[in-house]
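Once you've looked at the hints, dock chain U against the given chain S.
There are 2 protein chains.
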Amino acid sequence: MARRTVVVGGGAGGIGAAGAVKAVDKANEVLAFTEYEDAAYSPCGIPYVHGKEIPDFESLFLATKQAYVDAGIDIHYQTKVISIDTAAHTVTIEGQAPVHWDTLVVATGFNYADPGIPGSELGGLYYVKNIRQAMEWDKILDDVKTAVVYEASPLGLEMVTALAHRGIETHLVDPQPWALAEVADPDIAAPVEDSWIEMGVKMHFNTDIDAFLGDEQGQVRAVRMTGMSAGELAADLVVVCTKKEPNTALAQAAGLSIGSTGGIVVNERMETSVAGVYAAGDCAEVPHGVTNIPIQGLSGSHAYAQGKVAGANAGGGSRKYQPVYVPWGMVAGKWMIGGVSFGETLADALGMPYIVGKATGISRARYYPGVKKVIVKLLAEPATHRLIGAQMVGGEGIKERADFLAMAVKTGVTLEDLAWMENVYSPPIGALNEPIAVAAQNALNSLKT
Amino acid sequence: MARRTVVVGGGAGGIGAAGAVKAVDKANEVLAFTEYEDAAYSPCGIPYVHGKEIPDFESLFLATKQAYVDAGIDIHYQTKVISIDTAAHTVTIEGQAPVHWDTLVVATGFNYADPGIPGSELGGLYYVKNIRQAMEWDKILDDVKTAVVYEASPLGLEMVTALAHRGIETHLVDPQPWALAEVADPDIAAPVEDSWIEMGVKMHFNTDIDAFLGDEQGQVRAVRMTGMSAGELAADLVVVCTKKEPNTALAQAAGLSIGSTGGIVVNERMETSVAGVYAAGDCAEVPHGVTNIPIQGLSGSHAYAQGKVAGANAGGGSRKYQPVYVPWGMVAGKWMIGGVSFGETLADALGMPYIVGKATGISRARYYPGVKKVIVKLLAEPATHRLIGAQMVGGEGIKERADFLAMAVKTGVTLEDLAWMENVYSPPIGALNEPIAVAAQNALNSLKT
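Chains as they are written, first to last, in the numbering used here: chain S, 1 to 449; chain U, 1001 to 1449.
Bound-form chain S, shown alone:
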């Protein structure tokens, strides 16, 4: 039976949901509302335009507005939903009559955590998010001499790399002792930090910012640091890369249950505490497959996948979203860094026992041009030897190995399975010994001593 679904949000979660509603039944009506001028571009590409790896912002758009019209998805741009009424089954747009829905998908995304630092009102503080704003900032970057990137989050790593690549004197300021400390182990982050040094990046770890300092025009001129690098640091620009917090103001006002991460609680159908109301993407939380602990703020791929499940169910279908094992990966400095689930640091923080094995291998035959280092660390349950996490840094094939190992964690693959795994050996594309296998062998060997 055809129905009307309203989608709040035009990011990966919202667009995934809108498409899925129509995929279930073409007769379904889909209205999507976004406060921005655009939908369905790749915000993940913004740092690479700033870094001049990609020539222009236009290439980041995935589809034209007409493509959505053609698909029967009615997107209302620059249209801010100001309230949700779950009893009346409506959303309200400022100055308009309430819009009825049969089912609703909340995909309101994230906000950067407020750093709570005096001087936040100054010009020159850049929060990377909206593509139109990014276009304006990109012009400003031409005149920036010195930039501070605040917090070594995934976006922080991308922006440090991009700004350094663009030739800007770049400083990274982070309260943690190493880059990406919430996700990556220090030995995995170390090659990235070494390559930043080669690129001229200045790092200030164990260091926080307690004030943004402005000039007479209200523009940032410096940051005041506390901790290890205490003191004033002049800067034309500060890129604020704090944690992505779920944007749940609308959801909270509508009475949807909020979970321990601050994200909207959903069941495996991506349905919230209110029947017929779904949530997807950075505004929602989902269970981690190993710990069953709720997490949020994953990748655009996760948001899109969650959106498709939410949209399928909102449209009258039946799909389940499964616990996540979170393969991740990115380019940082001159390396690819990535992993699955967690590394030693997070396992320690969670009090999870584990056995570990690490190996340094290569991506091709030792003698083949373009061969790169590939470092793999594996964590496994002590009793069963089942894989529970991985950490990697290398020059090739990190994404594909992370995808593999996420499935391996999910399906209960053991260190023994990995130690004796078959692997492709062909000089231009793979080495005799697969680093994953050697890491697993090393973990098993460590148990013998």
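Hints should not be assumed to be uniformly reliable.
[As the list claims (entries may be wrong)] Here are the in silico distance ranges between beta carbons for each label pair:
| # | chain 1 | residue 1 | chain 2 | residue 2 | range |
| --- | --- | --- | --- | --- | --- |
| 1 | S | E268 | U | I1293 | 32 to 42 Å |
| 2 | S | G276 | U | L1447 | 28 to 38 Å |
| 3 | S | K52 | U | A1067 | 41 to 51 Å |
Rather than coming from a laboratory, the hints here were simulated on the basis of the structure.
For each residue, glycine too, the CB sits at the ideal point set by N, CA and C.
Frame of chain S, contents of chain U only:
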């Protein structure tokens, strides 16, 4: 208890075995015999030196002879074992007293199938195998104008690509209708063939050679073709890339059981029909994990892994070799081509029912420099949807995906698991949609119609 192991063969299987014997117990004595001047170089690298992708042959050596001496492995070079006596526990070297062993590893490798074509005695027929001979042939290649590669085996594909890359007019002659027809499906081979055309390669499929024609000096001057491209084709060089047949002359004379592939029969300990005698590598056959049919002639990685199992058991340890799922991959033309287990062609030949899904995806974000096409085809059991095979062609990440999918076949991963798999999305290293996942979704969607 320390013992003496004799290893016959200095390739990947033999060297893997010799090392494993010592790894079990340093007190074990290991003697290895090879008829060649060298051991432990990478024969797989030879085509790339011919193709000028690698600058010299020296870089193909993995270890010095002294390294083996230091490891306590006593390798006898240019020493041909002429018989094995399993009752007396000896091997015989021509002109020497029998050498005693407590355990024996037969790792005698392969011979190219005799093409059985008149003119096989002519000069200018090149069988790629020994590195010293390859060095001599490499000098000859400088003067070669036109070369024929006979049979589109894996080595054939590498040699066609290498010779074309070197600027030699290269003809591929193959009795099958497309390249690598025993392993790859025609739609997967097609991009490779297209890129060969771009490189100036001339292909003669459905065509056999019935004579090598010589000049007055006894050098090959042409091949005579039958079938689709019937006629005479002038050539300075013919690279004979026929099937690799197990080299079992010694094993057969010693009474070891030979299996359906012509390879030495071994159990899961890589032990032959005679207790204490092991075999590993291209001379042995092992069961395929999906069909349980014995197969042989796999990769150097398989030979090395089999050698390690054989050597561990020969040295007094206890290791099992598992059925193989055969991830494979290589560079051919301008593409990487690969797969796992089998594709549609081989499944059809085996009479195996399957469902199939195919997708064309990309290796990075659509807008990121260096993005390449990645085509994935998946085969699954109709009843359970368990993955049974894969075929791929693309520009990046084929090796890593093949490794992943081999484990997926082994562990019973289904199309549903793959369709909703998590994947890394980051513009420089991975696309929003993983091609493996889309292929699985397409397979499942095909069932609905």
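Okay, the hints, checked on the actual structure:
1. E268/S - I1293/U: 32 to 42 Å: Distance hint for E268/S, I1293/U holds at roughly 41 Å.
2. G276/S - L1447/U: 28 to 38 Å: Roughly 29 Å apart at Cβ, these two residues keep to the hinted range, so it holds.
3. K52/S - A1067/U: 41 to 51 Å: holds (46 Å)
Of the hints listed earlier, there is not a single one the structure fails to meet.
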